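Q: Chain residues, written in single-letter form:
2 protein chains.
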Amino acid sequence: MSVLVAGTIAIDDIKTPTTAHKNLLGGSACYAAISASYFAPTVLQGIVGHDFPAEHVETLKKHGVDLSGVEHSDGKTFYWSGEYFDDLNTRETLDVQLNVIEDYHPKLDESVAKSKIVLLANMSPVTQMEVLQQCHADFIIADTMDLWINVTLEPLKALIEKIDLLILNDSEAKQLAGTNNLITAGNRLLEMGSKYVVIKKGEHGSMLFAKNHFFTCGAFPLHEVLDPTGAGDTFAGALAGYLAKSEGVVSFKDLCQGVVQGTVMASFVCEAFSTKMLHELDDAKIQARYDEFIRYTQVI
Amino acid sequence: MSVLVAGTIAIDDIKTPTTAHKNLLGGSACYAAISASYFAPTVLQGIVGHDFPAEHVETLKKHGVDLSGVEHSDGKTFYWSGEYFDDLNTRETLDVQLNVIEDYHPKLDESVAKSKIVLLANMSPVTQMEVLQQCHADFIIADTMDLWINVTLEPLKALIEKIDLLILNDSEAKQLAGTNNLITAGNRLLEMGSKYVVIKKGEHGSMLFAKNHFFTCGAFPLHEVLDPTGAGDTFAGALAGYLAKSEGVVSFKDLCQGVVQGTVMASFVCEAFSTKMLHELDDAKIQARYDEFIRYTQVI
Numbered sequence: 001m002s003v004l005v006a007g008t009i010a011i012d013d014i015k016t017p018t019t020a021h022k023n024l025l026g027g028s029a030c031y032a033a034i035s036a037s038y039f040a041p042t043v044l045q046g047i048v049g050h051d052f053p054a055e056h057v058e059t060l061k062k063h064g065v066d067l068s069g070v071e072h073s074d075g076k077t078f079y080w081s082g083e084y085f086d087d088l089n090t091r092e093t094l095d096v097q098l099n100v101i102e103d104y105h106p107k108l109d110e111s112v113a114k115s116k117i118v119l120l121a122n123m124s125p126v127t128q129m130e131v132l133q134q135c136h137a138d139f140i141i142a143d144t145m146d147l148w149i150n151v152t153l154e155p156l157k158a159l160i161e162k163i164d165l166l167i168l169n170d171s172e173a174k175q176l177a178g179t180n181n182l183i184t185a186g187n188r189l190l191e192m193g194s195k196y197v198v199i200k201k202g203e204h205g206s207m208l209f210a211k212n213h214f215f216t217c218g219a220f221p222l223h224e225v226l227d228p229t230g231a232g233d234t235f236a237g238a239l240a241g242y243l244a245k246s247e248g249v250v251s252f253k254d255l256c257q258g259v260v261q262g263t264v265m266a267s268f269v270c271e272a273f274s275t276k277m278l279h280e281l282d283d284a285k286i287q288a289r290y291d292e293f294i295r296y297t298q299v300i
Numbered sequence: 001m002s003v004l005v006a007g008t009i010a011i012d013d014i015k016t017p018t019t020a021h022k023n024l025l026g027g028s029a030c031y032a033a034i035s036a037s038y039f040a041p042t043v044l045q046g047i048v049g050h051d052f053p054a055e056h057v058e059t060l061k062k063h064g065v066d067l068s069g070v071e072h073s074d075g076k077t078f079y080w081s082g083e084y085f086d087d088l089n090t091r092e093t094l095d096v097q098l099n100v101i102e103d104y105h106p107k108l109d110e111s112v113a114k115s116k117i118v119l120l121a122n123m124s125p126v127t128q129m130e131v132l133q134q135c136h137a138d139f140i141i142a143d144t145m146d147l148w149i150n151v152t153l154e155p156l157k158a159l160i161e162k163i164d165l166l167i168l169n170d171s172e173a174k175q176l177a178g179t180n181n182l183i184t185a186g187n188r189l190l191e192m193g194s195k196y197v198v199i200k201k202g203e204h205g206s207m208l209f210a211k212n213h214f215f216t217c218g219a220f221p222l223h224e225v226l227d228p229t230g231a232g233d234t235f236a237g238a239l240a241g242y243l244a245k246s247e248g249v250v251s252f253k254d255l256c257q258g259v260v261q262g263t264v265m266a267s268f269v270c271e272a273f274s275t276k277m278l279h280e281l282d283d284a285k286i287q288a289r290y291d292e293f294i295r296y297t298q299v300i
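Chains as they are written, first to last, in the numbering used here: chain A, 1 to 300; chain B, 1 to 300.
These aren't lab readings, by the way, just hints derived from the structure by calculation. From a predicted model like this one, the values you see are computed outputs, not experimental measurements. The reader is advised that the hints may include incorrect statements.
For identical chains, the list gives no copy identity; a pair is met inside one copy or between any two copies.
Said to hold, decoys possible - Think about it this way: if two alpha-carbon atoms lie no more than 25 Å apart in a straight line, the pair counts; the simulated DMTMM-like pairs of lysine to aspartate or glutamate are:
#1 Lys-107 with Asp-283
#2 Lys-76 with Glu-130
#3 Lys-195 with Glu-224
#4 Lys-157 with Asp-282
#5 Lys-174 with Asp-164
#6 Lys-253 with Glu-83
#7 Lys-162 with Asp-254
#8 Lys-76 with Glu-247
#9 Lys-162 with Glu-130
#10 Lys-107 with Glu-154
#11 Lys-116 with Glu-172
#12 Lys-114 with Asp-146
#13 Lys-162 with Asp-13
Based on the provided sequences and hints, a complete structural model is requested.
A: Below, the structure written as structure tokens:
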């Protein structure tokens, strides 16, 4: 089965305490699509401007990402610039220019809309809903962030009612659920309508909630995090790709294994700048780290 | 095999946002010994003053804790008073009176010193070393806290060289190892001389480090934490008791399972005030939660 990844396609400038780079391939959908492409045929839906570098198009093509859902506009590509501080746990957005995504209303070709697994990578829930309404998916995943909780809460709530899996980080889960207890938060988010919820906790791993199931997953142990940009998108992409690979009805066990794949892929992306590490992987490297992580978590 | 638990025996006053109680049974050794007693014969080493309530003695006896290592003094019992705020993640010590532990130099009876598993529960590393030097143990565990890193760093370092397992929480591990990366911290602490290191992360679980092994363990999901006092001591006690129960040379697998038992017992203690929940357990309740937790963590 193929996976459709819809979200932002961006040009990023990133600074960390040790280095800085400009004109990087960025955006939630790019990290997620490249990550998903290791597991299943991946179609990308999004929009770019006239300034989107040809080398980034080539990068996506090299990963076999189907770009037939990428729309082109005369404006400038979505731009994000950020800086990380101290232990890379603190990030400050230096500049955001919405540009072509400001008036983006996705139109899905039938070939794109037929994907059975859909990942609505992080972008406005209004745009996520527009994609959702054109899909014939069996399983819909949506990622979100604090910005959308703050500025588009009602559209986000409407979206959550229609999806199968909501992914968000711990502080966002607490904010959206109105509680400081993450377990309560996960269960309250289920009550908002999503069948499953994943709460990401960065270096502390993640938790998967269902009505009568729960799964707790650590993070892969990393001695050094060079650039955590896109780690959440990469996590979501791998999870979606893994589900597309699994065929059949999505089971809780599939989701647990998908969360582990997401954990593994997110750990890779943190080890180098931008998407760099995602270009250096192969199935054997991914499988080796998956097996290593399983050893780190099994007690029986 | 029996387990020796040496540490503080205290009278606690505790406030949380919802309740407050006085004259509670407290101290690292009491939480740890009661927890350990569910797994193996447990001997308690410590000191009490003339004011130590008879009911607390009865409580310990009810759990079958061997009190032959408890010394009595004319002074007042070690006293601690603390208050928790907000989401119970912030604690402020309101008052500490060392009293009888200020000049405590433990003298171990031969019957006490012969235990093969020894837990040096949280107290001054100078006193922990005095206990250690009188033991004939196969496996020595030491718990510590930020206070000892701040005021008795050299004795703590000397102790770490002589023990098998160091237990401490995440902020303490970072402080002692001089790094913000917990994985690096765990490995640096191994280099200080302890064969194994456990880093506790509260609601995010714990990690076990060995030279060529690693284990990551989530926390048991709790909707409500009523009073986290003694959770770390309870964790350490269960781990020590489990190792004593396991017999033979301590393996990495034993330690992983002991960490899970610690996780389970610590989750119970957080659900009620002070040691209350520890008095309401039985083997079946503990086993049921252990099995439940294993289901929450297994992916294959």
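Q: Does each hint hold? Answer for all of them.
A: So, going through the hints one by one against the coordinates:
Taking the shortest alpha-carbon separations for Lys-107 and Asp-283, neither the intra-copy value of 33 Å nor the inter-copy value of 60 Å comes in at or below 25 Å. For the identical chains of this complex, Lys-76 and Glu-130 are intra-copy neighbours only, at 22 Å inside a copy versus 70 Å across copies, given an alpha-carbon limit of 25 Å. In this assembly of identical chains, Lys-195 and Glu-224 lie within 25 Å of each other by CA distance solely across copies; the values are 23 Å between and 35 Å within a copy. With identical chains, the CA atoms of Lys-157 and Asp-282 are never at most 25 Å apart, being 38 Å at best within one copy and 44 Å at best between copies.
In this assembly of identical chains, the alpha carbons of Lys-174 and Asp-164 lie at most 25 Å apart only when taken from the same copy (20 Å versus 39 Å across copies). When the C-alpha separation of Lys-253 and Glu-83 is checked against a cutoff of 25 Å, the pair qualifies neither within a copy, at 37 Å, nor between copies, at 42 Å. Taking the closest pair of Cα atoms, Lys-162 and Asp-254 come within 25 Å of each other only inside a single copy of the chain (20 Å); across copies the shortest separation is 45 Å, beyond that limit. Taking identical chains as interchangeable, the C-alpha atoms of Lys-76 and Glu-247 are never at most 25 Å apart, the minima being 38 Å within one chain and 68 Å between chains.
In this homomeric assembly, Lys-162 and Glu-130 come within 25 Å of each other (Cα to Cα) only inside a single copy, at 12 Å, whereas the closest approach across copies is 63 Å. Taking the closest pair of Cα atoms, Lys-107 and Glu-154 come within 25 Å of each other only inside a single copy of the chain (23 Å); across copies the shortest separation is 67 Å, beyond that limit. With identical chains, the CA atoms of Lys-116 and Glu-172 are never at most 25 Å apart, being 28 Å at best within one copy and 47 Å at best between copies. Proximity of Lys-114 and Asp-146 under a CA criterion of 25 Å is satisfied in neither setting, with 30 Å inside one chain copy and 57 Å between copies.
For a Cα distance limit of 25 Å, the shortest separation of Lys-162 from Asp-13 qualifies neither inside one copy, at 34 Å, nor across copies, at 49 Å.
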